[in-house]
Amino acid sequence: MEYIVELKNVSSSYLGEAYPAIRDITLMVKKGDFISIIGPNGAGKTTLLETIIGLIPIVRGKIRIFDKELQKDGILIRRKIGYVPQTFSIDEHSPFIVKDVVLMGRFGKIGMLNSPSKRDLELVNEFLQLLDIYHLKDRPIGKLSGGQQQRVLIARALAKEPELMLLDEPFSAIDPLFRKEFIKKFVEIHKKFDLTTIMVTHDLGSIPEICSKIYVMRGGRIVEELKVEEVENFRERKGVLNDLPRT
Amino acid sequence: MISLGLRILLIAIIGAILAGVTCSIIGVFVVRLKISSIGYAMSHAAFAGAALGLLLDIDPLLIALLFSFIVALLIGPISDRSNLSPEVILGIIFSLNIALAFIFLSLLPTTAASISALSILWGSILTITIDDLTYLSILTTIMISAIVLFFKEFYAILFNRKLAEADGINTKPFYYAILFMAGATVSFSLKIIGGLLVFALIVNPPSTIMQFSYDMKKIIVLSPILGAITCLIGFLLSLITDFPVGSSIVIVSSLLFAISVVVSPKRRVIVQH
Ligand SMILES: Nc1ncnc2c1ncn2[C@@H]1O[C@H](COP(=O)(O)OP(=O)(O)O)[C@@H](O)[C@H]1O
Ligand SMILES: [Mg+2]
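Protein sequences, first through last, are from chains A and B.
Here the working numbering is used: position 25 in the first sequence is 25, and no number is missing along the way.
Here the working numbering is used: position 89 in the second sequence is 89, and no number is missing along the way.
Just so you know, not all the hints are guaranteed correct.
[Unchecked claim] Computed list of lysine to aspartate or glutamate pairs in DMTMM-like fashion (alpha-carbon distance at most 20 Å, straight line):
#1 K62(A) x D24(A)
#2 K184(A) x E209(A)
#3 K217(B) x E209(A)
#4 K218(B) x D91(A)
#5 K143(A) x D215(B)
#6 K185(A) x E126(A)
#7 K137(A) x D215(B)
#8 K217(B) x D73(A)
#9 K191(A) x E126(A)
#10 K109(A) x D120(A)
#11 K30(A) x D67(A)
#12 K162(B) x E126(A)
#13 K162(B) x D73(A)
#14 K31(A) x E225(A)
#15 K34(B) x D91(A)
#16 K218(B) x D138(A)
#17 K217(B) x D120(A)
#18 K213(A) x D203(A)
#19 K172(B) x D73(A)
#20 K137(A) x E126(A)
#21 K266(B) x D91(A)
#22 K266(B) x D138(A)
#23 K31(A) x D91(A)
#24 K34(B) x E92(A)
#25 K217(B) x D138(A)
#26 K162(B) x D91(A)
#27 K30(A) x E225(A)
#28 K30(A) x D203(A)
#29 K218(B) x E92(A)
#30 K192(A) x D120(A)
#31 K213(A) x E229(A)
#32 K30(A) x E224(A)
#33 K191(A) x E181(A)
#34 K266(B) x E92(A)
#35 K213(A) x E236(A)
Hint data in this document are derived by calculation from the structure and do not stem from the laboratory.
All chains should be modelled from the sequences, with the hints used to inform the complete structure.
Here's what the structure looks like:
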């Protein structure tokens, strides 16, 4: 299979909305690609990721993922996608423990009526360690900082052993001082686990070198395509982050 | 041979315990998913049903059950289709049922008949029969088995329905099942604790346990245990004081909740800072 993700002229809209939130998107992603998506607030970046994972119904076009039709095999496809959502408000009193939240990532894979095996639990520990949150494993998730919660959600997505990772501004709450280091770590993870990654970001500085392509979105469309080398240029052309989101 | 009085008492006690278990276990879902209006909505659906039953001269409890079952089946699909939260749909259903109940009651020939419809709202634990007990046990068994068998799915939905869906869990049937079980629980508890007070038994024990634990797994196990104890103590209280059973149970559970808020370690931590 050549492409992991194939979107052809896709428009999708939220339930009950008259106008599609993303329009005429064509996006082809090869195995092993690292794709970044940038664009101002409301450009449709989150919508694009949620469309790829099948949470938002498409009104036009075609989506194939892992060489399967999304509308037919959605559930099977979702079991192989790690999704790290953007705004995810976990209330302070949320009664869930970190290690259980990470284990939850494996539930789809474990399958109905089966219990988690020893290997499932080992994987949870492995990813907790990988993301430097092992010491937090018995804490309630609501009691962690935003950056720590993001790490938990990334661990949760990775614990699924996905083939495709969708990250929605995954480093936004992580301390800028550690962000560079964390991105480096994520790139290592991307390589080590043979992932294909699509990452939405508002921080041009957090686009890694290995990024194969950068798409600029605006008004629900992909309006430009950049290479990593062109990012600096783009930044100057647009004025420093002038036209880019500050979320 | 046990005496008739003892037999009635035993049936009532078992009924109270079963109601405590079912209400409190579904209560964990109701509290977490913030759909506590399901208590009012269901009991008034039952009330409207009972009124219609009296009007048509059919067993009022049967029609009451039928009404609440229909409501239980409708909440999920309507809230999904209308893109509104179940709380809003419950509010609409609640007032609709009150309106229907008033119409049915106004058509009833005598006030005595209206009063017997009202008994649905109060409950009468000493009149429950072996049959009632059987239905309630079946409901309790089905519910606990479903939650144990599909624990992962329910658990993931309690954390976040959207993420659960993104993980490849087909959340719709499970979510509808939660709403339906909540509705069925209310209907089956009507006779024991009454439609107005069943709400307290759904919300109070899980809320009490949540004062002590951040672990959903423990909350799901401990809430029904506390619910059963609450009902038992409440029942004994009503025997001693001659208060109505439903009210006694509510008073006990509210008291336990109040104590838990005062002694909760969650609050102590805040004080220490
Ligand atoms: N739940 C929703 N229902 C309806 N419209 C939405 C919803 N979420 C986002 N939108 C709309 O879809 C468009 C794209 O939003 P989004 O994908 O969140 O943008 P971004 O992630 O690029 O900031 C916006 O116009 C927004 O108003
Ligand atoms: Mg977004």
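Comparing the hints with the structure gives:
For the given pair, K62(A) sits about 10 Å from D24(A) by alpha-carbon distance, which is consistent with the 20 Å threshold. With a C-alpha separation of about 10 Å, the suggested pair K184(A) and E209(A) falls inside the 20 Å cut-off, and the hint holds. This hinted pair does not check out: K217(B) and E209(A) have alpha carbons roughly 43 Å apart, beyond 20 Å. With a C-alpha separation of about 19 Å, the suggested pairing of K218(B) with D91(A) holds against the 20 Å cut-off.
Of the pairs offered as hints, the one joining K143(A) and D215(B) holds, with about 12 Å between alpha carbons and a cut-off of 20 Å not exceeded. For the hint linking K185(A) to E126(A), the alpha-carbon distance of about 15 Å falls within 20 Å, and the restraint holds. This hinted pair checks out: K137(A) and D215(B) have alpha carbons roughly 12 Å apart, not beyond 20 Å. Restraint check: the Cα-Cα separation between K217(B) and D73(A) comes to about 31 Å, which exceeds 20 Å; the hinted pair is violated.
Taken as a hint, the K191(A) and E126(A) pair is honoured in the structure, with Cα atoms around 17 Å apart against an allowance of 20 Å. Simply put, K109(A) and D120(A) have alpha-carbon atoms about 10 Å apart, close enough for the 20 Å limit, and the pair holds. The hinted pair formed by K30(A) and D67(A) meets the criterion: a straight-line CA distance of about 11 Å does not exceed 20 Å. Between K162(B) and E126(A) the alpha-carbon distance is near 25 Å, which puts this suggested pair outside the 20 Å criterion.
A C-alpha spacing of about 18 Å is found between K162(B) and D73(A), which places the hinted pair at or below 20 Å, so the restraint holds. The suggested pairing of K31(A) with E225(A) holds, with an alpha-carbon distance near 19 Å, which does not exceed 20 Å. Between K34(B) and D91(A) the alpha-carbon distance is near 13 Å, which keeps this suggested pair within the 20 Å criterion. Distance hint between K218(B) and D138(A) is fulfilled; the C-alpha atoms sit about 13 Å from each other, no more than 20 Å.
At most 20 Å may separate the alpha-carbon atoms for a hinted pair to count; K217(B) and D120(A) meet this at roughly 18 Å. At most 20 Å may separate the alpha-carbon atoms for a hinted pair to count; K213(A) and D203(A) meet this at roughly 15 Å. For a cut-off of 20 Å, the pair hint linking K172(B) to D73(A) stands: about 16 Å separates their Cα positions. Between K137(A) and E126(A) the alpha-carbon distance is near 11 Å, which keeps this suggested pair within the 20 Å criterion.
Straight-line distance between C-alpha atoms of K266(B) and D91(A) comes to about 14 Å, which keeps the hinted pair within the 20 Å bound. With a C-alpha separation of about 16 Å, the suggested pair K266(B) and D138(A) falls inside the 20 Å cut-off, and the hint holds. Proximity of K31(A) to D91(A) is assessed by CA-CA distance (about 36 Å); at most 20 Å being required, the pair is judged violated. Distance restraint check for K34(B) and E92(A): the Cα-Cα separation of roughly 16 Å lies within the 20 Å cut-off, and the hinted pair is therefore satisfied.
A threshold of 20 Å between alpha carbons decides the hint, and for K217(B) with D138(A) the separation of about 13 Å falls inside it, so the pair holds. This hinted pair checks out: K162(B) and D91(A) have alpha carbons roughly 16 Å apart, not beyond 20 Å. Annotation: proposed proximity of K30(A) to E225(A) holds, straight-line Cα distance about 16 Å (limit 20 Å). Restraint check: the Cα-Cα separation between K30(A) and D203(A) comes to about 24 Å, which exceeds 20 Å; the hinted pair is violated.
Taking the CA atoms of K218(B) and E92(A), the gap is about 18 Å. The hint holds against a cut of 20 Å. Under the criterion of a C-alpha separation no larger than 20 Å, the hint pairing K192(A) with D120(A) is consistent with the structure, at around 19 Å. Using a Cα cut-off of 20 Å, the hinted pair K213(A) and E229(A) holds, with the two alpha carbons roughly 10 Å apart. For a cut-off of 20 Å, the pair hint linking K30(A) to E224(A) stands: about 19 Å separates their Cα positions.
Distance hint between K191(A) and E181(A) is fulfilled; the C-alpha atoms sit about 16 Å from each other, no more than 20 Å. Restraint check for K266(B) and E92(A): satisfied, since their Cα atoms lie roughly 11 Å apart, inside the 20 Å limit. With a C-alpha separation of about 19 Å, the suggested pair K213(A) and E236(A) falls inside the 20 Å cut-off, and the hint holds.
Hint check: violations occur at hints 3, 8, 12, 23 and 28; the rest are consistent with the structure.
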